[in-house]
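J.: Listed below are the residues making up each chain.
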Amino acid sequence: MTLFPQFLLDSLLLGGLYCLMAVGLALAFGVTRIINFAHGEMIMLGAYGAYMFATYAGIDPLLSLPLVAVAVALVGYVIFKLTLERALDAPHINQILLLFGVGLIIQNLAALAFTGDERSVTTVYSLAAGSFLGVTVPYGRLIAFAVSISLTVGLLVWLRRSELGRAIQAVAQRADAARLVGINVTAMFMLSFMVSAALGAATGAVVSFLLTISPFMGFHMLVKGFAIVVLGGLGSIGGTLIAAFLLAFAETGVAYFVPEGGGWAEGVALVVLFIVLILRPRGILGHAVDD
Amino acid sequence: MPSMTSHRGARIALAVATSIGCLALPFFASAVVNDWIVSAASLTILAISWNLAANAGLISLGHSAFWGLGSYTAILAANKLGLPMAVSLLPAMLVGALAGGLLAVITGRLRGIFFAISTLALSEGLRVLAVMLPGLTGGGEGMYMNPKLRMGPEFVAALMVVGAVGAVWLSWVLARMPSHFAFRAMRANEAAAEMLGVHPVRFRVGVLALSGAMAAFAGGVRVWYGGFIDPGIAFDLHITILAQIAPILGGIHTLVGPVIGALLGVLLSEATRIWLGTKGFSLLVYGLALVLCILFLPNGVWGGIRDGLARRARRLRGKP
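Residue numbers (the working numbering), protein chains in the order written: chain A, 1 to 291; chain B, 1001 to 1320.
These aren't lab readings, by the way, just hints derived from the structure by calculation.
Check the hints yourself; a few may be wrong.
Claimed, not checked - Listed next, the stretches of chain A that the computed footprint assigns to chain B, with coverage defined by at least 3 CB atoms under 8 Å from CB atoms of chain B:
1. 65-72
2. 92-101
3. 142-151
4. 191-203
5. 258-266
Stated by the list, open to error - Some chain A residues close to chain B (C-beta under 10 Å, calculated; not the full set):
6. I35
7. F37
8. L104
9. I105
10. I106
11. L234
12. F245
13. F249
14. A269
Glycine included, each C-beta is placed from N, C-alpha and C at the ideal position.
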């Protein structure tokens, strides 16, 4: 009877990764009220960044992660300056389609640069595993979990304790009131967008040594990220973290206990997304959002 | 007013002549030109279908759901029931309409991004379903259409053209009906529209059923043209992207916009394919077109032309 403990461990490790994957999306949405449809591409860029460092310089993804995150934050800055800043007052749907277009551009530039082939980074810990009380512990996933949770906690502490973090939270609560107390709202939008891009890139760097990467991996991640963020409640970071673990447990549960579950697990996020949108669009902890 | 009637008569004659010309074209065209005709006509239908929903404030990010359902229904109707092409499209459109109506009912009053994300989930969910039900759909390996039933590509192309003309006509009729005010009201403010006597849920069911049936028709005809389907082709993100880029490029919420956008879309993709070679370029170009359009030409090419003409008219009248 090691199946059940194994299921718990696998779900927990996956949940940690999902936290990091979704928290960037939740942060950018919470502050700017814009869903970043190009977030999947930030993850993809992070994964390719780590892949490049590992392949051409022999640098481990965990070491290149900070560099990759900073580089992709700069990409986020460029995207914000060139596109989003001009559309801050446009209808939501224009902003979504705009970012969708940006994602399409990045995706296909990546396909031209790296070809559409699937790649992966192999490290010593990628496939290594230990055994603890009869449960198999995959080291790669354990490291991914530790990195993801540290970064997520780091983000929360930064938001709570630092001046900038508090300013960002003020904007997330009420942008016009934040403006009244002298916070540069557009700058906070930009900062949260960049931090969100960096978190996406960090997710990509972590994913690079666990899964295969391709220029089109982003969309898949984006949809899962949506499911988590919507389940948690758009704009609520706390809700997002709870939802990340819920989705991880649901997916792993389906994969373990349903016949042909590996294939059906792909659909869990979509079913969750659909049901939450219908029954409770504000999610676990979120507030109602108009349009 | 005799001049008015003759003007109208001339317009109808022009429309009829254009339709007959379009219909006859596939029978004289080469295989490549036939491909273009099918692409342009199917994209016209998709764009009008997407624009119809967008007119009511419903932005779809999963139009491939209807397209794919149409494709699967048509190929199953042919392979399992032996239905000929024209007949197989009836169940395809019915399934598309049902899916649209059902989506409208279960999404209730979801609007804006929430509706958009739910359509995206619907299309992805259907793709997973198609992969996981190989008994019905052939699974990930896909399914070929019974070759004995297939018709010549020129007939299929002609049928797609008929569909495109029908879609244009339908959107023209809808724009002439009082419902077009209801559309505008729904887009601006659903609660206010309800106060004015528009029944939002019934209205949404109608709009999405129609939109779904149109996209399913295009998907159904497309599978007769290609003769093969798999979950990746049926619920392709590419279809969703094309369905939204064409109306935005041409001019969202207008009558002519989706048609112009569809033609431009095919032109862009063919031009990039011919001159630059790689397939990746066409999506890159679409992405660029989408971004540039939303930033600099929010009313699309048609809106740009209209605004330009209006400015010129003002100048000619001597006003600033």
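J.: Looking back at the numbered hints, which does the structure fail to meet, lowest number first?
T.: The structure breaks hints 1, 3, 4, 12, 13; every other hint is satisfied.
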